[in-house]
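Asker: The primary structure of each chain is shown beneath.
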Amino acid sequence: MCGIVGLFIKDKTLEPQLGALLAEMLVTMTDRGPDSAGIAIYGGADDGIAKITVQSVQPDVDFASLAADLGAAIGVAVSLRRKSSHAVLEMPMDQLDAARAALSALRPDVKVMSAGDNLEIYKEVGLPKDVASRFEIAQMSGTHGIGHTRMATESAVTTMGAHPFSTGPDQCLVHNGSLSNHNSLRRTLVREGMTFETQNDSEVAAAYLTQKMKEGANLGEAMEASLSDLDGFFTFVVGTKDGFGVVRDPIACKPAVMAETDQYVAFGSEYRAMVNLPGIETARVWEPEPATVYFWNH
Amino acid sequence: MQTFDLATRGLRELNQTLHALRGTTNETAWEIVNAKGSHAIAVGVDAPLDITVRGSTGYYCAGMNKQATIRIDGNAGPGVAENMMSGRVIIEGDASQYAGATGRGGLLVIKGNASSRCGISMKGIDIVVHGSIGHMSAFMAQSGNMVVLGDAGDALGDSLYEARLFVRGSVKSLGADCIEKEMRPAHLAMLAELLERGEAGHKAKPEEFRRYGSARKLYTFNVDNAAAY
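Sequences listed follow chains R and B, in order.
Quick note: the first sequence uses the numbering used here, first residue 1, plus one each step.
Quick note: the second sequence uses the numbering used here, first residue 1001, plus one each step.
Calculated from the structure, these hints are not laboratory results.
Being a predicted model, the structure only gives us computed values, none of them experimental.
Positions of the beta carbon are idealized from the N, C-alpha and C atoms, including for glycine.
Check the hints yourself; a few may be wrong.
To be verified - If you anchor each label on the Cβ, the simulated ranges turn out as follows:
1. K1217/B - S133/R: 57 to 63 Å
2. E1193/B - Q139/R: 29 to 35 Å
3. G1010/B - A152/R: 28 to 34 Å
4. D262/R - Q1016/B: 52 to 58 Å
5. M1001/B - A152/R: 26 to 32 Å
6. Q199/R - N1222/B: 54 to 60 Å
7. N1222/B - E281/R: 42 to 48 Å
8. Q139/R - E1162/B: 47 to 53 Å
9. D1005/B - I251/R: 35 to 41 Å
10. G1010/B - I251/R: 43 to 49 Å
11. K1217/B - P34/R: 45 to 51 Å
12. A1189/B - C253/R: 34 to 40 Å
13. S180/R - L1011/B: 45 to 51 Å
14. E281/R - L1011/B: 37 to 43 Å
Said to hold, decoys possible - Heads up, incomplete: computed chain B residues facing chain R, CB under 7 Å, no partners named:
15. N1034
16. K1036
17. G1037
18. T1052
19. G1058
20. H1187
To be verified - When the alpha-carbon atoms are kept at most 30 Å apart in a straight line, the in silico DSS-like pairs for lysine-lysine are as follows:
21. K1172/B - K254/R
22. K254/R - K1066/B
23. K1181/B - K254/R
24. K212/R - K129/R
25. K214/R - K10/R
26. K1111/B - K254/R
27. K83/R - K111/R
28. K1123/B - K1217/B
29. K254/R - K241/R
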């Protein structure tokens, strides 16, 4: 099953509430999948500062001197903000690639959840309410975000098997469904230089979109291409640095409801997820059409 | 009028309360408030009640309905009026996928649009949709009538048995073994009555519709058609 949610803020006055609204939406979807949960929040401005969200199974050890070690390795100041098993590292944008390389050398067991200008991803095994409170999602502000609560079908219930999957800078994807050609597609993508953390089908979908965008497609074009190259059931919600997209396979048996007001565009696996959004009573509510790409940009 | 607040009393109590009214009751008018997309609202009702649900509903609202008139003052989630036996279900807004699936009787009215698989495997229910319907609607529909004032999506009536389909707008494509059929006076009379009962008599005239039905080549096995199976 799985439950997915998304919120794209249009009215800036709502940005401080992004985390709280999105977390509440995700918690409502708990009974669609209680295995693990994750949330991606697009915060920060275009300020020349890069963010890497990392996760560790032994954060006390791994994060203790990580900022200092990383700073020494790349020769600039690096800051670290820890949240439970995750931490957000910040450094100048032009040092992002160097920092990622140094990080994998310094802490090979630390996993990168996301990297880029404004994206932070928090995900763990457990219920949405526990994951949301553990990472203080409700206190986060931002411009857009997506969330997922998982009922695993395709691969193990692990932190890295939880959604959202991020396979490119400031890009992430959540998926409800199952893909049937992910193994062959993964092999193709590996040949093209992509790397994978899991055997999960949804990670392949994320990497596919990343590869398309790397080749010059915009988010909409990449999602359009996925309709012919991905085989299986899917409703995807995708985030980029300034965009938010939704696409369903042509059969469209995985549920999806959207709502739009002057203040936001919202997505939920069910209408239930959106009932507490401001102004939902008068929002335009509709189901995204099968095999149709929807996307919004800031 | 009895008012039931789903937010304070919960789904289980709602359905138990409605089920307990089977047999003799004079508490026939019910209003359910704070639906908020909840699942399985007013499922399995078997009494001549008049129920109005305020707000949008989640999965399977009014499933297996017998006798009752259930009105949804909002949109309906997947599987609304699934396996309805009798009575009426009226949705003021849109309906999600597989509305009226496997319905055996009664009348389902959708005043907005219905998404995919509307009336899938219907077995006697009548469905009137004021808007349009999505792909694979009336898939393997066995009997009953479906009336669509708007358009139909891909593969309408795929593998159809003996349900009658009436569409006023365009049909994106017909499914296997579904063909357009002649509209005869008896069909026009039936359609007029369905539109009236479906609260659409003022919106459309029977003459504006086209009729679709089964070519009867798939479900009656004939070895000459083997390639089509």
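Asker: Given the hint of 45 to 51 Å, is the C-beta distance from S180/R to L1011/B inside that range or not?
Answerer: violated (36 Å)
Asker: Take the C-beta atom of A1189/B and the C-beta atom of C253/R, compute their distance, and say whether it sits inside 34 to 40 Å.
Answerer: Holds - the Cβ-Cβ distance for A1189/B and C253/R, about 37 Å, lies within 34 to 40 Å.
Asker: Can the hint on N1034/B be confirmed by a CB-to-CB distance to chain R that is less than 7 Å?
Answerer: violated (9 Å)
Asker: Honestly, do M1001/B and A152/R meet the 26 to 32 Å range at C-beta?
Answerer: violated (46 Å)
Asker: Taking the Cβ atom of E1193/B and the Cβ atom of Q139/R, is their distance within the range 29 to 35 Å?
Answerer: violated (60 Å)
Asker: Between the beta carbons of K1217/B and S133/R, is the distance compatible with 57 to 63 Å?
Answerer: holds (60 Å)
Asker: Return the status of the interface hint for G1058/B: holds when the least beta-carbon distance to chain R is below 7 Å, violated otherwise.
Answerer: This hint holds: G1058/B lies near chain R, its Cβ roughly 5 Å from the closest one there, short of 7 Å.
Asker: Between the beta carbons of N1222/B and E281/R, is the distance compatible with 42 to 48 Å?
Answerer: For N1222/B and E281/R the Cβ distance comes to about 55 Å; the hint is violated.
Asker: Could you say whether the range 43 to 49 Å given as a hint is met by the Cβ separation of G1010/B and I251/R?
Answerer: Once the Cβ atoms are compared, 34 Å apart, the range 43 to 49 Å for I251/R and G1010/B is violated.
Asker: G1037/B was flagged as interface toward chain R. Is the shortest Cβ-Cβ separation under 7 Å?
Answerer: holds (3 Å)
Asker: State, for the Cβ atoms of G1010/B and A152/R, whether the hinted interval 28 to 34 Å holds or is violated.
Answerer: holds (29 Å)
Asker: For the pair we were handed, K83/R and K111/R, check the Cα-Cα distance against 30 Å.
Answerer: holds (14 Å)
In summary, the numbered hints that this structure violates are 2, 4, 5, 6, 7, 8, 10, 13, 14, 15, 18, 20, 23 and 24.
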